[in-house]
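Engineer: Numbering (my numbering), first residue to last: 2 to 117.
Just so you know, not all the hints are guaranteed correct.
[Stated by the list, open to error] Calculated cross-link-like contacts (lysine-lysine; reagent style BS3-like; alpha-carbon spacing at most 25 Å):
no.: 1; residue 1: Lys44; residue 2: Lys65
no.: 2; residue 1: Lys44; residue 2: Lys76
no.: 3; residue 1: Lys44; residue 2: Lys87
Derived from the structure by calculation, the hints contain no laboratory data.
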Amino acid sequence: QVQLVESGGGLVQAGGSLRLSCVASGSIFSIDLMGWYRQAPGKERELVAAISRRGSTYYADSVKGRFTISRDNAKRTLYLQMNSLKPEDTAMYYCAGGNGPDPNYWGQGTQVTVSS
């Protein structure tokens, strides 16, 4: 069983940057897909970015060119570099991983708040 723990969230002004980290309790080498989801109050959870074990990436249109996802299998860590943050990026961000269309593992979440 893999446990995921996020960190790096916080309060930042619009235009600022944050780097989220997600550390796994076990190896993530065997987990094909890892990604970051977010959920804002009153909205559905959405996939923000994902990365495969081979390094292929996916980004939601709303974050393309501003966010970068990466993974370090040796350190059992997933990252999300967020630049040029906007107030609409405010949400709880969750790390997730799995080998199918739906994640098997979820973190507890880290809050990101962007002030205008």
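Engineer: Does each hint fit the structure? Answer for all of them.
Structural biologist: Here's how the hints hold up against the structure:
1. Lys44 - Lys65: holds (20 Å)
2. Lys44 - Lys76: The given pair, whose Cα atoms are some 33 Å apart, is violated under the 25 Å limit.
3. Lys44 - Lys87: Roughly 17 Å between the alpha carbons, so the hint for Lys44 and Lys87 holds.
The structure fails hint 2 only (numbered hints given earlier).
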